[in-house]
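Enquirer: Each chain, letter by letter, is given below.
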Amino acid sequence: MRLNVHPADPVSYVLVNMAGEFERHNVGAGVVHDCQVIIDEIYANLRAHVLPDNPNLTWTITLNPAEDHLEMVVEYPGPFFDPTRPLPVGYRHPAVRPEGGMGLYLMSELSDDLKHTYHRGVNTLTIRKELGSNYKEHSLCR
Amino acid sequence: MPLNIKVAQESDEALALMLTGSIDSDTAPELEATLADMVHPQISYVGLNMAGVTFISSAGLRVVFKVFKQMKAREGQLLVTEMSPRVEKVFEIVKMIPDLSVFASHQEMDDYLAVIQQRESDEG
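Residue numbers (the working numbering), protein chains in the order written: chain A, 15 to 156; chain B, 8 to 131.
Errors might be hidden in some of the hints.
To be verified - Straight-line Cα separation of at most 27 angstroms, BS3-like style, residue types lysine-lysine; simulated pairs:
{"no.": "1", "chain 1": "B", "residue 1": "K102", "chain 2": "B", "residue 2": "K73"}
{"no.": "2", "chain 1": "B", "residue 1": "K79", "chain 2": "B", "residue 2": "K13"}
{"no.": "3", "chain 1": "B", "residue 1": "K76", "chain 2": "B", "residue 2": "K102"}
{"no.": "4", "chain 1": "A", "residue 1": "K129", "chain 2": "B", "residue 2": "K102"}
{"no.": "5", "chain 1": "B", "residue 1": "K96", "chain 2": "A", "residue 2": "K129"}
Hints were generated in silico from the structure; no laboratory data involved.
Based on the provided sequences and hints, a complete structural model is requested.
Expert: Right, here's the structure in full:
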């Protein structure tokens, strides 16, 4: 499943479409929520750091389900932008840390692997999420 | 996934909101604007009933934390009730749970706010 996201699309468009796809693959509600938080954080990052310089940017999100995990691949063309850096060394409570970083921390805590690559003008963010106990049925590999 | 915000209780010193839907990066500003509009300087207790909240991301957490700081500065409290386990997990990850007054039910929060209101009328 591959979803094209245009700058005017609300985050709910992405979350609802992805939710439908998660449901189609019988992914447990806990994993769905974790993945949706990650997606919201990525979109918010792109809006804050990428879209201002490229207001017509269309980005894509692809869901690759596997037996025991999900892989979400986010691709956006343009200059190098790695939303996984800098990952906070140690999370500090919002009261004692500067603004920002909470979304990045959530993304890193909720994903089992988070990797950014850049190749020929395309940024690729690959997120791996283990299904674990939230995996309801073995219906992902068909 | 819109966010629905209803006033559950309002007095001179306390405000309780019933939230339903998604607190995401698009809807969090609505909550922030509502709180900015309704939390006047006398309010020192804000209650958020989150029974109907299906989703929260860092955008929503920032709004909740902002009102928490506001109440703390007024020596008041932010009260939260009926978070789903999925929503509570997000609060736990960012270590906000110890700061919040988390009530198990809306009734418990209502009772507490009623005490506040009673105190207001006794003092007023």
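Enquirer: Compare the structure with each hint and give your call.
Expert: Outcome of the hint check:
1. K102/B to K73/B: Distance of about 15 angstroms is within 27 angstroms: holds.
2. K79/B to K13/B: 23 angstroms, holds
3. K76/B to K102/B: 15 angstroms, holds
4. K129/A to K102/B: Satisfied, since the Cα-Cα distance of roughly 25 angstroms is no more than 27 angstroms.
5. K96/B to K129/A: Holds. K96/B to K129/A sits at ~23 angstroms (cutoff 27 angstroms).
Of the hints listed earlier, there is not a single one the structure fails to meet.
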